[in-house]
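Protein chains in written order, with the numbering used here: chain A, 1 to 506; chain B, 1 to 506; chain C, 1 to 506.
Just so you know, the hints here were simulated from the structure itself, not pulled from any lab data.
A couple of the hints might just be wrong.
No copy labels: a pair is met if it fits in one copy or bridges any two.
[What the hints assert, rightly or not] Here are the computed lysine to any residue pairs in the SDA-like style, where the Cα-Cα straight-line distance is at most 20 Å:
| no. | residue 1 | residue 2 |
| --- | --- | --- |
| 1 | Lys383 | Ala204 |
| 2 | Lys501 | Asn429 |
| 3 | Lys44 | Thr398 |
| 4 | Lys70 | Asn88 |
| 5 | Lys209 | Thr398 |
| 6 | Lys70 | Val28 |
| 7 | Lys390 | Thr203 |
| 8 | Lys316 | Glu74 |
| 9 | Lys287 | Tyr113 |
| 10 | Lys498 | Ile166 |
| 11 | Lys410 | Ser179 |
| 12 | Lys354 | Glu369 |
| 13 | Lys439 | Gln488 |
| 14 | Lys69 | Val130 |
| 15 | Lys194 | His401 |
| 16 | Lys44 | Ala313 |
| 17 | Lys165 | Glu495 |
| 18 | Lys194 | Phe402 |
| 19 | Lys149 | Gly335 |
| 20 | Lys44 | Thr394 |
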Amino acid sequence: MKRFVLLAIIIILIVPLTLFGQTAKKAVTPPVSSQTAACIGCHKTYTPGIVEDWQKSLHANTTPAMALKKSSLERRVSADKFDASVANVVVGCYECHSINPTKHKDNFNHMGYKINTVVSPIDCATCHPVEARQFSGSKKAHAYGNLTKNPVFSSLVDTIVSVKKIENGKVIQTPASASTRHETCFACHGTEVKVNGLKEVDTAMGKIKVPALSNWPNQGVGRINPDGSLGACSACHPRHSFSIEIARKPYTCAQCHLDPDVPAWNVYKESKHGNIYFSKYQDWNFKAVPWKVGKDFQAPTCATCHNSLITTADNKVIIDRTHDFGARLWIRLFGLVYSHPQPIHGDTSVIKNKDGLPLPTTFTGEVAETGLISRDEQSKRQKTMQGLCKSCHTTQWTTNHFVKLENTIKEVDNMTLSATLLLLEAWKNNLAEGLIHGKNPFDDAIEQMWIRQWLFYGNSIKYSSAMTGAPDYATFKNGWWNLTENLQHMSDWIEFKKTSKGSVKK
Amino acid sequence: MKRFVLLAIIIILIVPLTLFGQTAKKAVTPPVSSQTAACIGCHKTYTPGIVEDWQKSLHANTTPAMALKKSSLERRVSADKFDASVANVVVGCYECHSINPTKHKDNFNHMGYKINTVVSPIDCATCHPVEARQFSGSKKAHAYGNLTKNPVFSSLVDTIVSVKKIENGKVIQTPASASTRHETCFACHGTEVKVNGLKEVDTAMGKIKVPALSNWPNQGVGRINPDGSLGACSACHPRHSFSIEIARKPYTCAQCHLDPDVPAWNVYKESKHGNIYFSKYQDWNFKAVPWKVGKDFQAPTCATCHNSLITTADNKVIIDRTHDFGARLWIRLFGLVYSHPQPIHGDTSVIKNKDGLPLPTTFTGEVAETGLISRDEQSKRQKTMQGLCKSCHTTQWTTNHFVKLENTIKEVDNMTLSATLLLLEAWKNNLAEGLIHGKNPFDDAIEQMWIRQWLFYGNSIKYSSAMTGAPDYATFKNGWWNLTENLQHMSDWIEFKKTSKGSVKK
Amino acid sequence: MKRFVLLAIIIILIVPLTLFGQTAKKAVTPPVSSQTAACIGCHKTYTPGIVEDWQKSLHANTTPAMALKKSSLERRVSADKFDASVANVVVGCYECHSINPTKHKDNFNHMGYKINTVVSPIDCATCHPVEARQFSGSKKAHAYGNLTKNPVFSSLVDTIVSVKKIENGKVIQTPASASTRHETCFACHGTEVKVNGLKEVDTAMGKIKVPALSNWPNQGVGRINPDGSLGACSACHPRHSFSIEIARKPYTCAQCHLDPDVPAWNVYKESKHGNIYFSKYQDWNFKAVPWKVGKDFQAPTCATCHNSLITTADNKVIIDRTHDFGARLWIRLFGLVYSHPQPIHGDTSVIKNKDGLPLPTTFTGEVAETGLISRDEQSKRQKTMQGLCKSCHTTQWTTNHFVKLENTIKEVDNMTLSATLLLLEAWKNNLAEGLIHGKNPFDDAIEQMWIRQWLFYGNSIKYSSAMTGAPDYATFKNGWWNLTENLQHMSDWIEFKKTSKGSVKK
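This is chain A alone, in the form it adopts within the complex (with noise of 0.2 Å):
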């Protein structure tokens, strides 16, 4: 009689633990600091999305020292060591926002504490350092200065975003302003973020003073913080939550990674490995460290390519994290006129081409001969790619796939230069002005049709083939289809403009 009363409740006392497992550990959560208890007591009420937000986040629920008992393939910070002060509270308000106070110039007392508005890359350094050196060198990090310290592209920015007058039935380009720059291609590219000392804000706890951001707010990846770093880690992880879930879903990248001129999110969307990720992501794991190819995912989303540490289910390491996210790419296929091989360093201001202009290549397609990795560099990045789609696809499959993708690269830019001709003929017959008469070279009709081609529907095509395929994009929906009637209508252009000019002397 005993026994089966024992067993009962030995059996009681295992199912609930069985099932209520999870909620049981979450009752021994670690300390909060008392200064962030402290921000929750106000914000609480006063914020209270970025609260909950945090709450429901990995941060708040460990700490730095528990987080170093993880082995080294599951670790999620890669310092060896943390200063007793924040090793043994969870990683909260204060931990983040109070970080190297004196150089950070958007300082301030906030109710008794000293507080950085904007945390950077630098901050996160405390308990991720090799993730923020490796950004740090990154063309993400160099964005910013990539567009304004390249007079080219600065042209082009400010013809594209700035507001156009009418004198005399011309179109008269004004100067951009700053405002427009930032919500269009400094969105992406992160804006200087500059403190001009405190201004006194109306809040629902009254009036209080906090420092005046200009430039701001801003989430770009090459944002300059007020501390002087470059970058802003909440731009892949959003907004409390430091989700390594939502950085390694496709939508993040998709933010900027997207079409006409980046369509890398509509090439993955209409892709195999699309298909594959939309019909069955929520079965997988995307919080698993290390990333388990096959168990976690069964189809690779941005991350798992281009910087997620990628294992096999028994923990042998198919390919290392980085969070320089170009250090995988052996070529650069978008942004550019001509396809060319990955800068060394990603600031990319420092290239000069034959022609002594800050780019990779020259204007009929002649890559430039410093700045870029060398072919040995190339064909071990390729190596090192290849290692990772052979996980699911066989050596003469893949070998096949990076074949037909140089092919590609080759007519694409064959299909630029016969663009880059037809503009030179405008140009010559002066039908456009442009380089040859040292005037901008973007803001005519046939400059503009140009730069689609390249811009628009050769990187459509590129990204089409060096992700396994989204037909559409490489035919109809900018690609060949686009291409081909574009080169024509050019063509065209240029026979009406000779009427027009020519009826106009007469």
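Once you have looked at the hints, place chains B and C on chain A.
For chains B and C alone, kept in the frame of chain A given last:
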């Protein structure tokens, strides 16, 4: 000993109750009326999809009397009391399809019951009178008349959706068919559903007589129903689940508010809010009333900002529910040539501009003096909306965002004015026939280029700015790129047309 | 006392069994063949993604003999019996990659086993013969030949996807490369996979010899396989999960049926059906066979209307399963200049129009007299499809929908005829060289404008109408707006070209 056994039994009873509690609750599903039971008896066989859909709904699992027992914040009905006839049965087929039979021209004798084919907002008002009343004053409710009663908009509709013939090499417009009008503009705006007696239809149950409806099916928000009421609740709460979850998810609004003319959905998808929604929505609670920021969701959907009742986790109201979807808005960004204050009433056909046309601005952007809300009302609404933003954003972040939006609206309106000036030049030079000739201002190529400027490109940029950013929509995808490029095309078109008119004259 | 204890023990045993029942079932996974075990032994290390994907599949967890035990409605195999050699092991690597080795030109000795690289529909027919036979007669199976054997379509393909050079200011077409053909049109239509002996590849296991495949990789639905069979089941059931869930979700069809030329996916997304799908799909059952309307899903996906076996909740068949995806269709809306009855057979290269061209209509829209289904067959299919609509819609709703569709098809075809008349005028005036000059009818600007009318805009409107509405696709997004605008551009182009030809002649 006995105590152990008692404990065991208590736990044994608690565990399954906890686990199967919800299932257990379903066991006490409230009663179905005899009429609805009769409907289901047949329709389970003949339209099984509808019946199954309804059976999963809240309507099928609650009674009005039960609904009234909730606290005022949690309540989903806005009536204070119910007739005994409806209070204690679930909201079934007969309860909705039998209201006000004498007003319903679509009422018919169906198997011995007097049934309305079309359920209208007045019918829904039995339980949801506040929502119905709010909706009835909105632009949505008046979407049909706002288009049909306005000769300018009517002319635009007909120009677009009519078949064109070629006569002597010229494009000649023929009258637009009702059928095509109904599956284009009026699919969203709604049709006027008319009853033309009874007709015999051949069903799986044999031949039966039903009201002969024209302009049907339609689920446009501004539908005119056979009982004279305006609107279709099923536009957003489809189709027998009447789900709050569906209405709160952005796909619902996306059916009509999408690119190129109303790109709210497209901009949302590419915004930070959208990024977080798509990455995390499966963990959110879309059924909770009230809807708690941070707790139930961590980023807004359309409904959050435009109509839901939002509270903090501890039930502090942040913003009240409204079913007048313009009620929180201070400025009207889309659908018309220039931005302007929101109309006072949903029926916008009464507005007149200085030129006497039923439009909120003149051809060059001057705002009408009557029919639009005051500056004070604008400020008040802006403040209400900012209060919601501040659930997750600081005061400075929010303020700066609104300043940026204001600048964008001004710049876009200036770009529209530039396009208008080119259009006027074309008209003055008789290159196209338009307003100044008393002719259709929408059918020439340059007129259609002009429409693109404000209806597609301007709207995209303004939405992108208003919804905190979809950089590609502001830049390359129907954004500044297209505004700029198309303005140049307008200028070139004038040049080419002058040339060909000149050469024809010679 | 004892009775209480007994009761406790019974409940204790029942609770875990109920909860962990499914896990318990997995414990009795059926046996893997020794050959498949050998495959997995190595491939678990070398292609872990494939192995893990398969292990989650139904194939890995059931045997053909077990599959036969299901009732006929629930059965997923269509073979009546199986050889002893396959009946009692799970469907593993070897079971699929070793069938008909002598027919398979891609068979090779791989680590002592005779392995086929490419699995074909004939191989799948071992268990799924009815599906393979239905598919083999479909347009999908013949998608490769329908393009390559038809000189009109071939010419269109080559015009679009070939590199163009500029010679003396003229755009000159060069031959299209196989590589680019394969990642554009033939990515969906399929390639002819050829075996060119063996080649050595350098793998993680060292150098091994494999069949050298050209035109590979490819997963187009009309792929010609090394065993001579047509098609790729993996096009819709990818890639080693062979999942019915993936095939039923719309992302799968979306890889090829998307805008601008085949905008089925895009229209679906913006339709009421799509709205409900995206809002609720996570609660639906995509694995149930048969698929029960209302119970398993509350709005259709592509598969619902076009190929799945659909029943009521109590197993009444509403529509039978088919893998001939055109079998339920009465009219062909897309891909060709004018609408016409569905072809009788999937091989459409045999159809001839009155002018002797292999097309279902003449240049001005007259329908071919042979090769297309009869009016009676059209009515029969329409009735079958309407039967499915009536699962959720009334007879009148359904009938009115079909009437509206018919009107739309007629109007769009009339708009196409108008564009054709303008194209003829251009040809007759020698502004472009086309059919009447024996020249390429697809390479001039006005010819490409004409293609846009039917291939992009007409298709969008017809799809939007057919799939119960995506108002913006019918109106502004490749819809009536674009049909109207582009027709005007064709007219202007003719005017400008006449002017410039005139001025050149002078």
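Starting from the hint list further up, note which numbers the structure goes against and sort them upward. 9
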